[in-house]
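S.K.: Listed below are the residues making up each chain.
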Amino acid sequence: MIRDTRYRVPVNPFEEYEFENTEEKIEFDDFHLWYGDNHVLKDIDLEIRENMITAFMGPSGCGKSSLLRAINRMNDLIPECRYKGEIEIDDVDINDPETDVYELRKKVGMVFQKPNPFPMSIYDNVAYGPRIHSMGQRSALDDIVERSLSEAALWDEVYDRLDDSAMSLSGGQQQRLCIARALAVEPEIILLDEPCSALDPIATMKIEGLMRRLEEKYTVILVTHNLQQAARVSDMTAFMYLGEIIEFDRTRNIFENPREELTENYITGKFG
Amino acid sequence: MMDKISTEKSVFAFFKLLTWGVVSVVAVLLLFIFSKGLPVLTLDFLTSPPENGMLGGGISIAILGTLMVMGLTIVFAIPLGIGSAIFLAEYTDKVDPRIIRMVRLAINNLAGVPSIVYGLLGLGLFVLFLNLRFSVLSASLTLSFLTLPVIIAASEESLRNVPGAYREASLALGATRWETVRNVVLPSALPGIMTACILGLSRASGETAPLLMTGAAYYLPRFSGNIFRQFMALSTHIFFMSTQSPNPDITRPIQYGTIVVLLIIVLTMNMTAILVRSYYRRKHR
Amino acid sequence: MRVTRKDERPIEGALFFSAILAIIILGLIFIFLLREAIPTFYEVPISEFLLGREWFPSSFKDPRFGALPLIAGSFLVVATSVVIAVPIGLVCAIYIAEIADHRLKEVLKPAIEILAGIPSVVYGFIALVLLSEVIQNILHTTYRLNALNGALILSLMILPTIISITEDAINAVPRDYKHASLALGATRWETLRKVTLPAARSGVTVGVMLGMGRAVGETMAVLMATGNSPVVTLSLLRSVETMTAVVAIEMGEVVFGSLHYHALFAIGLLLFVITFTINLVVDFAIHRQGRMR
Numbered sequence: 624m625i626r627d628t629r630y631r632v633p634v635n636p637f638e639e640y641e642f643e644n645t646e647e648k649i650e651f652d653d654f655h656l657w658y659g660d661n662h663v664l665k666d667i668d669l670e671i672r673e674n675m676i677t678a679f680m681g682p683s684g685c686g687k688s689s690l691l692r693a694i695n696r697m698n699d700l701i702p703e704c705r706y707k708g709e710i711e712i713d714d715v716d717i718n719d720p721e722t723d724v725y726e727l728r729k730k731v732g733m734v735f736q737k738p739n740p741f742p743m744s745i746y747d748n749v750a751y752g753p754r755i756h757s758m759g760q761r762s763a764l765d766d767i768v769e770r771s772l773s774e775a776a777l778w779d780e781v782y783d784r785l786d787d788s789a790m791s792l793s794g795g796q797q798q799r800l801c802i803a804r805a806l807a808v809e810p811e812i813i814l815l816d817e818p819c820s821a822l823d824p825i826a827t828m829k830i831e832g833l834m835r836r837l838e839e840k841y842t843v844i845l846v847t848h849n850l851q852q853a854a855r856v857s858d859m860t861a862f863m864y865l866g867e868i869i870e871f872d873r874t875r876n877i878f879e880n881p882r883e884e885l886t887e888n889y890i891t892g893k894f895g
Numbered sequence: 477m478m479d480k481i482s483t484e485k486s487v488f489a490f491f492k493l494l495t496w497g498v499v500s501v502v503a504v505l506l507l508f509i510f511s512k513g514l515p516v517l518t519l520d521f522l523t524s525p526p527e528n529g530m531l532g533g534g535i536s537i538a539i540l541g542t543l544m545v546m547g548l549t550i551v552f553a554i555p556l557g558i559g560s561a562i563f564l565a566e567y568t569d570k571v572d573p574r575i576i577r578m579v580r581l582a583i584n585n586l587a588g589v590p591s592i593v594y595g596l597l598g599l600g601l602f603v604l605f606l607n608l609r610f611s612v613l614s615a616s617l618t619l620s621f622l623t624l625p626v627i628i629a630a631s632e633e634s635l636r637n638v639p640g641a642y643r644e645a646s647l648a649l650g651a652t653r654w655e656t657v658r659n660v661v662l663p664s665a666l667p668g669i670m671t672a673c674i675l676g677l678s679r680a681s682g683e684t685a686p687l688l689m690t691g692a693a694y695y696l697p698r699f700s701g702n703i704f705r706q707f708m709a710l711s712t713h714i715f716f717m718s719t720q721s722p723n724p725d726i727t728r729p730i731q732y733g734t735i736v737v738l739l740i741i742v743l744t745m746n747m748t749a750i751l752v753r754s755y756y757r758r759k760h761r
Numbered sequence: 006m007r008v009t010r011k012d013e014r015p016i017e018g019a020l021f022f023s024a025i026l027a028i029i030i031l032g033l034i035f036i037f038l039l040r041e042a043i044p045t046f047y048e049v050p051i052s053e054f055l056l057g058r059e060w061f062p063s064s065f066k067d068p069r070f071g072a073l074p075l076i077a078g079s080f081l082v083v084a085t086s087v088v089i090a091v092p093i094g095l096v097c098a099i100y101i102a103e104i105a106d107h108r109l110k111e112v113l114k115p116a117i118e119i120l121a122g123i124p125s126v127v128y129g130f131i132a133l134v135l136l137s138e139v140i141q142n143i144l145h146t147t148y149r150l151n152a153l154n155g156a157l158i159l160s161l162m163i164l165p166t167i168i169s170i171t172e173d174a175i176n177a178v179p180r181d182y183k184h185a186s187l188a189l190g191a192t193r194w195e196t197l198r199k200v201t202l203p204a205a206r207s208g209v210t211v212g213v214m215l216g217m218g219r220a221v222g223e224t225m226a227v228l229m230a231t232g233n234s235p236v237v238t239l240s241l242l243r244s245v246e247t248m249t250a251v252v253a254i255e256m257g258e259v260v261f262g263s264l265h266y267h268a269l270f271a272i273g274l275l276l277f278v279i280t281f282t283i284n285l286v287v288d289f290a291i292h293r294q295g296r297m298r
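Chains as they are written, first to last, in the numbering used here: chain E, 624 to 895; chain Z, 477 to 761; chain G, 6 to 298.
Treat the hints with caution; some may be incorrect.
As the list claims (entries may be wrong) - Label pairs and their computed distance ranges (CB to CB):
hint, chain 1, residue 1, chain 2, residue 2, range
1, Z, P555, E, P742, 20 to 30 Å
2, G, E258, Z, R705, 20 to 30 Å
3, G, D106, E, R836, 30 to 40 Å
Hints are computed from structural coordinates only; laboratory data are not their basis. All C-beta atoms in this analysis are idealised placements derived from N, C-alpha and C, irrespective of residue type, glycine included.
Could you put together the complete structure from these sequences and hints?
M.R.: Put into structure tokens, the structure is as follows:
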């Protein structure tokens with residue numbers, strides 16, 4: 624069902640409703656992205672605020688992962704990638720050539736779909752980022768490792784075997800390790816790209832609970848193709864289709880009272 | 477149908493016979509050589525220099541020479557080989573793809589260049605043009621050229637086998653490309669790279685022709701360890717003793733002994749490489 | 006948009022230099038061979054060099070630089086060794102890839118690798134001391150060291166190359182082809198003959214060519230096995246000399262800068278051109294094979 628969206632009037636939920644004391648963290652301004660000739664993201668205008676969980680959802684190929692990866696410039700790794708427009712974090716354009724992309728990636732952490740711990744010990748996995756960014760030695764690192772693993776709800780399960788290989792952990796534990804690894808460099812934003820799709824229901828539950836705790840301190844953005852997960856966990860949801868944001872609103876509104884017909888069709892399972 | 481089955485049976489039986497025949501020939505040859513050579517390997521033989529106009533004495537100088545040449549070859553070939561492999565596996569997006577294609581073509585062709593042609597290059601370039609004369613240095617530089625293609629090809633393959641997920645995770649944490657290579661990719665590829673280097677070195681230690689042309693001497697009473705001077709090597713010693721010595725029949729035992737020493741060195745390295753490779757292959761299953 | 010801190014450029018530069026070293030070395034080989042070989046042709050016309058049947062470089066009065074005996078010697082020894090090694094190698098590869106069970110493979114494959122690891126000078130010794138005896142006892146040859154001796158030891162040396170590449174080629178044939186044939190009621194041998202081997206043909210050809218390239222370039226084994234007598238002959242029982250051997254032996258006796266010295270480089274250049282051509286053809290064949298998948 625192709626809907627003509629040219630005359631859609633963009634709605635900024637933050638203007639419509641009152642959100643108590645939330646600050647803007649990330650802003651997309653007329654952002655476009657191409658992989659070669661493939662126009663992957665079109666006309667993105669989006670505002671993401673602190674201390675919330677924002678979900679990007681939509682059918683396969685809608686561009687949600689690309690949108691996520693634009694925030695920490697992981698799209699740079701794709702050679703034929705071009706963009707237009709601006710992305711600002713804390714009012715600073717992240718695509719500006721003057722920007723230090725390594726500092727950006729320290730500020731914006733990422734957790735991937737398939738858990739990808741390094742083939743090293745649990746300790747070394749978490750300490751990897753701090754070591755790269757010279758955040759301390761020995762005892763300082765010990766503290767960082769403990770803090771990060773606790774924040775990721777993994778400390779109690781591994782505190783006595785930090786030197787064991789990360790590969791000896793279960794899938795759900797590995798993913799929490801990856802979260803701890805990302806937290807270790809003290810980011811402000813955390814990006815999660817379908818973090819539970821490779822995990823069993825119990826592990827998924829643990830991570831969803833973890834996300835809710837994380838939003839108190841961080842800005843959390845979640846890509847998911849699981850509608851129920853988006854409904855369960857997120858505060859704001861952006862529904863995407865064919866590279867465009869069709870609707871962006873409080874999650875409750877998206878699911879109970881969507882403005883767009885496309886959104887409604889997706890939620891009721893008519894496609895995707 | 478019975479006809480077909482019996483044909484197949486006899487064909488397969490013949491194949492089996494032939495294959496095991498080949499293996500047995502090799503086994504018999506090696507056993508024969510070891511039986512003739514092992515008794516010669518006394519401590520005296522291994523630690524004393526040749527004497528009596530090469531009719532007697534031991535092979536200490538040759539052992540030292542081979543070790544020195546190999547040692548220096550490692551110094552040159554391994555950093556350059558691994559560096560090249562890293563570039564080809566991790567950095568190819570930074571240069572014109574035509575250059576990369578040329579590099580790969582060059583590596584493939586270098587692998588097929590006869591060792592004597594490397595010897596001629598060594599002679600022309602190192603011994604004469606750069607005036608390094610007949611020396612351990614000339615020989616090692618020549619052997620490093622010879623060993624490079626082997627090390628590069630196998631190392632690159634090991635690097636490519638490291639999952640892309642590790643690189644992504646590292647870069648997402650804010651590491652640079654070199655930091656990622658150094659801390660994650662290289663350690664992960666190390667077993668394969670080690671195997672490549674050991675196999676390359678093993679081949680180099682058995683080489684004779686390039687050494688003949690760049691510095692191996694027929695007879696040295698003493699060896700000072702000076703890399704700018706000539707040397708003796710096990711491989712060339714075998715050659716000289718069996719073809720140029722005053723009386724090859726009398727010195728036959730020395731020849732067998734030298735062969736056994738060289739074979740032990742080469743076969744040990746090969747087996748180590750094979751073991752390293754299969755150990756890590758089993759670990760990552 | 007690149008993922009590098011500015012201060013990594015020296016490292017990348019070093020890595021880049023390592024990579025183009027291969028091109029540099031290839032270029033150096035070409036340059037130095039040409040540099041030292043070309044002076045030959047100021048005094049010896051190319052036709053005489055390539056077609057002259059007399060190689061008497063150290064004759065005082067009338068030195069001759071006809072390289073045909075050496076070319077013929079290499080040809081005779083290499084061709085014979087390939088003719089011997091290819092069938093045997095094929096059989097062994099088929100056995101290892103298709104017939105032998107897992108435990109036998111665990112023994113056979115390392116055995117082949119050991120064979121490949123033995124230094125050429127050891128093979129030369131075997132030919133000089135052991136193989137020549139055997140041949141002499143069986144065939145009562147006039148010359149103890151002859152072309153046959155060289156060809157036999159050479160075939161033993163290129164066997165591992167042919168076996169391992171053929172084995173890879175056979176293993177690369179999709180299992181579906183084999184299964185389809187077997188499901189139609191063909192025996193394993195029939196399947197091999199009619200389906201697997203034809204499908205592996207291009208890979209096998211590559212293996213044979215690489216083996217041939219290795220044989221042409223081999224020095225020490227043929228040097229010690231063939232008797233080193235530069236004559237043009239097709240008789241396997243006579244002593245011959247290969248291009249590789251003449252360079253290795255006579256380079257130790259020449260005055261650097263003499264015509265003899267340059268002539269040896271000319272032979273080296275010829276050798277390089279031959280093996281380089283074989284490698285280019287192999288590269289091309291592999292490239293085409295890859296594209297045809």
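S.K.: May I ask which of the numbered hints given earlier this structure violates, with the numbers listed in increasing order?
M.R.: 3
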